[in-house]
Amino acid sequence: MATQVAEKIALEITHRALGLSDDQVLEMYWAMLLARRLDERMWILHRPHLVAFHISGIGHEAAQVGAAFALKRGYDYAHPYYRDMATVLTLGMTPRDLMLALFGRQGEPSSNGRQMPSHFGSRALNIVSGSSPVATQIPQAAGIAFAIKYKKTDQVVLTCFGEGSTAEGDFHEGLNWAGIHTLPVIFLCQNNQYAISVPAAKQMAVPNVADRARAYGIPGVIVDGNDVLDVYGAMRDAVARARRGQGATLIEAKTYRPVPHSSDDDDRTYRSRAEVEEWKKRDPILRMQEYLTRVNLLNAQKIVESDARAKQVVDDADEFARNAPYPPAEAALGNVWGQVKS
Amino acid sequence: MAEQSYRDAIKDALREEMRRDERVFILGEEVGVWGGTYAVTRGLYDEFGAKRVRDTPIAESVIVGAAIGAAMGGLRPVAELMTINFSLVAMDQIVNNASKMFYMFGGQFSCPVVIRTPAGWGQLAATHSQSFEAWYASLPGLIVAMPATPRDAKGLLKRALRSNNPVMFIEHARLYNVVGEVPDGDYTIPFGVSEIKRAGRDVTIVSYSRMLHVALAAANKLAQENIEATVIDLRTLRPLDLAPVIESVKQTHRALIVEEDWVTCGMGAEIAARIGKDAFDYLDAPVERLGAIEVPMPYSKPLEALALPEEKHIIARVKEMLT
Ligand SMILES: Cc1ncc(C[n+]2csc(CCOP(=O)(O)OP(=O)(O)O)c2C)c(N)n1
Ligand SMILES: [Mg+2]
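So the sequence lines, in the order shown, correspond to chains C and V. Heads up: the first sequence begins at 1 in my numbering, then just goes up one per residue. Heads up: the second sequence begins at 1 in my numbering, then just goes up one per residue.
Bear in mind the hints are in silico, worked out from the structure with no lab data behind them. Check before you lean on any hint, since a few could be wrong.
Unchecked claim - Partial selection, computed: residues in chain V whose CB lies under 10 angstroms from chain C: (1) Glu16; (2) Gly69; (3) Thr83.
What the hints assert, rightly or not - Here chain C is said to cover these stretches of chain V; the calculated rule only asks that three of the stretch's residues, wherever they fall, bring their Cβ under 8 angstroms from a Cβ of chain C: (4) 47-59; (5) 86-93; (6) 114-128; (7) 294-306.
Claimed, not checked - 20 angstroms max Cα-Cα, derived SDA-like pairs, lysine to any residue: (8) C:Lys202 / C:Asp267; (9) V:Lys301 / C:Leu333; (10) V:Lys51 / C:Met204; (11) C:Lys311 / C:His46; (12) V:Lys301 / C:Pro328; (13) C:Lys202 / V:Pro244; (14) V:Lys221 / V:Ile315; (15) V:Lys319 / V:Gln224; (16) C:Lys202 / V:Phe25; (17) C:Lys149 / C:Ile180; (18) V:Lys250 / V:Glu288; (19) V:Lys301 / C:Lys311.
Yeah, the Cβ is synthetic: ideal placement off N, Cα and C, and Gly gets one too.
Could you build the full structure based on these sequences and the hints that come with them?
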């Protein structure tokens, strides 16, 4: 009887029902928090133009951490997009790595300062660096999945993009390819309802990006993109399907971008403050704090402590990158061509 | 004559042509409510409404493809592509379709599409900082304009909007705030007419778009050392008017082509070949070219600075040519 009650309580605790330990769910919270604080610092650094550009993942942390958490780090592949800071932090990139990229300094891990910030890349972590034209990662992710199937490993690929980018031919061509070949790839659309200034309704005539999956013979799943556990659950199932050889899934995480598109944007010109404030109430980090408090894993004091810890890590990364030297100018000349081995 | 920015001159060209011709409409990403990534179309949505200033999905192939279709259907579309880098997504529509429509249809359908798009750079890295004008200029059937000044931007764009041919109208992100004199009233500038911006006896510098300004600044510095350069602005790259260049080289006996693009297979290659043919007997030195170094554009500031041609490089190269 007692065990039955305990089990019933456990099932009400969503993360345990999903097979996540208390430590794991706290790890998720930490990744989300760290991504948020790091991102906020990047905005601050841009204000006096200490850095040239910032494009933010604020608001997307639940979608990203929930998805990345279902991957095997350094084994599975990720082909992220520019907002995926929380994704790559979860997969093992460090705040110092990301700050080096932002400042364009020596030792930046994806390209030693050649690549733009937010074009995350790490060979060691199987994080593939993308190009700036949107949606180009989608066919490539299908191609990585093709290679995985060819080599018969049980890896999977996660690729991410915004809802606006699903208007590009590359989205349709990539999903079609993955559908035809039954490939182990998860397409995660982080639907924040705007493509810069243009609302989703002007980008497509269907209400959900997930509806498009039918056209390619793959499942399309809608999740609450501000609920990390909802995203994780769908992602975990999609990963399992892919590993079993059952092919691709399109997951649409409904979310919101409470900040401007990038440091070049002023979002007051195209949406109301009331709308933004409304969505801020559904902030994924607040929701996670509420949930963790409810299941007794967090309290006011622990929240303060984890904030302080995040600030320390962010301070360290900021200082480290700010004081790092630039690469020597001649570094521009290297790496145009791979080594030719005879 | 009034002073106006390059951005406002382009906007006025659009506004005046839209008022004049009901068939002219604008389509592109962010062109409506937001007023364009570089604020070129700001205010036009308010004046002309959503029917004539259309925000599109992020889908360059259909922006250009639908513009081609609309042109064949009797309209005069202005397709804005956010940057020339993204024009690659629409390459098939531009190269295999817009530029060949008239020819392949035996002249039955003309394709009066204007594709406006900026080149440029500024810590935007390899896939955001490119210059593809030479690729587009290689195509018979496509007009390529790349104006350097507000006056030319307005006059050439108005010309483009009255043309029956497809036009690739390449702006420059770093020119939008440049101010210059713009004639009052309605005027157009013909395609294929280069302009001598400065006359000098020692060397002929050929350029266009932003590098024209850098070349002029270099020429002014050289003048302080008693080196006098002729500087010529091509304005359109196809049709390409080299008559003033050839005439000038016959006087100066030396030519330097300055571009922001990679030198290999860039505009300079074409221009040098033609100078070599048409002014062969007049040359006292090999025709020289200056452009970006041959790497994808790096992000980090000192690396980017190394990759780009600057005034000091022009000055040094001219001096080398004269010794
Ligand atoms: C091919 C291409 N066209 C246009 C752009 C410019 N651009 C960058 S981000 C963006 C909006 C993308 O919106 P969405 O896909 O919804 O992603 P979000 O930024 O909202 O996360 C646009 C139009 C680009 N990078 N690439
Ligand atoms: Mg979006």
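Check each numbered hint from earlier against the structure, then list the numbers of those it violates in ascending order. 1, 2, 13, 19
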